Amino acid sequence: MNLTFREAMLTFKRAPLLSVLSVTTIAFSLFVLGLFGLVVINLQDALHGVEERVEVVAYLLPGAPIEATAQALKDIEAFPEVQSATYVSEDDALARARAELVELRDVMQELERNPLPASVEVKLKPGFRDTDHVAAVAERLRGFGFVDDVRFGRDWVEKLDRLRGLAAAVGIVVGAAFAVVAIIIIGTTIRMAVLQRSREIAIMRLVGATDGFIRRPFLLQGAIKGLLGGMVAIGLSFAAYLLINRYLLQSAFFNQEQAAAIVAFGALIGLVGSAMSVGRHLKRV
Amino acid sequence: MIKFTNVFKAFPKGGLALKDVSFHVAKGEFAFLTGHSGAGKSTVMKLIYAEERPTSGDVRVSGYDVNEMRPRDVPLLRRKLGIVFQDFRLLEDRTAEENVAFALEVTGARSSTIAARVMRVLTQVGLAAKAQAYPRELSGGEQQRVAIARALVNEPTVLLADEPTGNLDERATRGVFQLLRDINASGTAVVMATHDLDLVRQAPYRVIELQEGALVYDSAVDEARDQAAAP
Ligand SMILES: Nc1ncnc2c1ncn2[C@@H]1O[C@H](COP(=O)(O)OP(=O)(O)OP(=O)(O)O)[C@@H](O)[C@H]1O
Ligand SMILES: [Mg+2]
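First to last, the protein sequences are chains V and L. Counting the first sequence from 1 gives a position; my numbering is that position plus 45. Counting the second sequence from 1 gives a position; my numbering is that position plus 283.
Just so you know, these hints were derived from the structure itself, not from any lab. All values reported here derive from a predicted model rather than from experimental measurement. Note that beta-carbon positions come from the ideal geometry of N, C-alpha and C, so glycine has one too. Hints should not be assumed to be uniformly reliable.
[As the list claims (entries may be wrong)] Taking lysine to any residue pairs in the SDA-like style, the calculated list, with each CA pair at most 20 Å apart, reads:
hint : chain 1 : residue 1 : chain 2 : residue 2
1    : V       : Lys328    : L       : Arg353
2    : V       : Lys328    : L       : Ala392
3    : L       : Lys329    : V       : Glu245
4    : L       : Lys363    : V       : Phe258
[Unchecked claim] Here are a few chain L residues that face chain V, going by a calculated C-beta distance under 8 Å:
hint : residue
5    : Arg361
6    : Arg362
7    : Leu374
8    : Val389
[Unchecked claim] Derived CB-CB ranges, DEER-like:
hint : chain 1 : residue 1 : chain 2 : residue 2 : range
9    : V       : Arg59     : L       : Glu453    : 32 to 38 Å
10   : V       : Leu66     : L       : Lys286    : 35 to 41 Å
11   : L       : His319    : V       : Lys58     : 43 to 49 Å
12   : L       : Arg454    : V       : Ser243    : 20 to 26 Å
13   : V       : Gln241    : L       : Glu495    : 35 to 41 Å
14   : L       : Arg454    : V       : Leu66     : 41 to 47 Å
15   : L       : Ala398    : V       : Met54     : 16 to 22 Å
16   : L       : Tyr417    : V       : Gly280    : 34 to 40 Å
If we strip away everything but chain V, and leave its shape as in the complex, we get (with noise of 0.2 Å):
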């Protein structure tokens, strides 16, 4: 392991423009990739703000029993699909459109009988605001009886199952094509450094070095290359969303998590580079 280290530590002191250069075209790489991923993670969360909203409104019958609604909304509240369900009286409901429709404030208070009814607002848990599952509580709530009639927004929910799947396959697509292309250009750059060191190589071959061996310096390299390339990339990545925050709008970065897997993904691409192209190169002599 040490000499393994040593050895691939002597390829950035003997070639280091080729390191730099190959370092660069890594970060590069990985930073278009990183901007993608912002673009992503910002539409995410574009969606989440509006899944948000996604609720189900059960409305009372009139008259209903305040012990009956009560219970109802401890049974509602434990629906595997439900975050939170929430009792709004016919009077609530009444202040709510009072100061929510300024307009009609004056034909509001010549009411004699609040024409409102009473609701139950039920919002979904993360994960349960597509079509599907909102129908399912929807129909659930019906079957309760002093629930008069249940409204979501079904051809909103719908659009926003389409967007979704669209965001992940798009990312998908768009994502594996520029990973592929960061393993080429790492292979490319790692086959460079093997072929500076072919000499190197046949003379380690004939002193009996084994393949495992000749191979582990140039994976270990390209590795670090990869990391390298990843740190560049992220902060390449966080200086264009520090000018994008001052100059366009306001968006998110990646977190840790986030920040350590594009990282991470780096140096397996440098692995994965490197690998192809000794494994290649091994073969071929």
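Since chain V is already given, all that's left is putting chain L with the ligands on it; use the hints.
Just chain L with the ligands now, kept in the frame of chain V:
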């Protein structure tokens, strides 16, 4: 130790490089491999260190069957051999000492023993004083001594030398040849390819001669026959 039996070697683009070659080099023996350029000397060497496999026939080296051996055993065979070339094949960016140590590290030798073993072989080849020198700071003869030290450091049973004096002047040639003789005297078999016939005549060693891929003379066989044919 090294045994060729009816060996043929054809290269995809090169025709027959070896035709029906059979010989046997015993433990501790010194054998010259001679012949004109293109006769097949290097090809014999490559078959011995399993760089190439015979097209047909049998090559056995130090217990391995070169025809049948698994690729992963090739490094193990090479650790039993020391190999030296005309062009030295040293790593330019490592000192003499590091070049020799490299051959030990590669085989996973214990690092605590490496320095002492390296100094011992460098002393043996007469280069202890230049341990810190880089190849470009050494003469051809000195570089070849480093290469020989590297070949020796794993204590091989056979030293293969493919035209080891091909790039050296007469004095350096004598020095390197004497070194190979000393190594042989201490028990290591040596197979040396050369077309320097002066060198071959100087020493009472076994001579195997190739001509266009065929073995045309083997002193071990032919002298025995000549003696039998004499009165
Ligand atoms: N890899 C190869 N591919 C095709 N032909 C080859 C290959 N290696 C050797 N040969 C051919 O095999 C024949 C023997 O070559 P070899 O290198 O063994 O000769 P040699 O006796 O070592 O010559 P020299 O004294 O010049 O080193 C030559 O005709 C050469 O062209
Ligand atoms: Mg030759």
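Outcome of the hint check:
The straight-line distance between the Cα atoms of Lys328 of chain V and Arg353 of chain L is roughly 14 Å, inside the 20 Å bound, and the hint therefore holds. Simply put, Lys328 of chain V and Ala392 of chain L have alpha-carbon atoms about 26 Å apart, too far for the 20 Å limit, and the pair is violated. The hinted pair formed by Lys329 of chain L and Glu245 of chain V meets the criterion: a straight-line CA distance of about 18 Å does not exceed 20 Å. Distance restraint check for Lys363 of chain L and Phe258 of chain V: the Cα-Cα separation of roughly 18 Å lies within the 20 Å cut-off, and the hinted pair is therefore satisfied.
With a cut of 8 Å, the hint placing Arg361 of chain L at the interface with chain V holds, because the nearest CB-to-CB distance is about 4 Å. Look at Arg362 of chain L: its Cβ gets to within about 4 Å of chain V, closer than 8 Å, so that hint holds up. Hint status for Leu374 of chain L relative to chain V: holds, with the closest Cβ pair at about 6 Å, below 8 Å. Because the closest C-beta pair between Val389 of chain L and chain V is about 4 Å apart, less than 8 Å, the hint holds.
With their beta carbons about 36 Å apart, Arg59 of chain V and Glu453 of chain L fall inside the hinted range of 32 to 38 Å. The given range of 35 to 41 Å is broken by Leu66 of chain V and Lys286 of chain L, whose C-beta atoms sit roughly 50 Å from each other. At roughly 45 Å, the beta-carbon separation of His319 of chain L and Lys58 of chain V lies within the given 43 to 49 Å, and the hint holds. Distance hint for Arg454 of chain L and Ser243 of chain V: a CB-CB separation of about 34 Å, inconsistent with the stated range 20 to 26 Å.
The hinted range of 35 to 41 Å is satisfied by Gln241 of chain V and Glu495 of chain L, whose Cβ atoms lie roughly 38 Å apart. Our hint of 41 to 47 Å for Arg454 of chain L and Leu66 of chain V holds, since their Cβ atoms are close to 46 Å apart. At about 20 Å, the CB distance of Ala398 of chain L to Met54 of chain V agrees with the hint of 16 to 22 Å. As the Cβ distance of Tyr417 of chain L to Gly280 of chain V is approximately 38 Å, the hint placing it in 34 to 40 Å holds.
When held up to the earlier numbered hints, the structure conflicts with 2, 10, 12 and fits the remainder.
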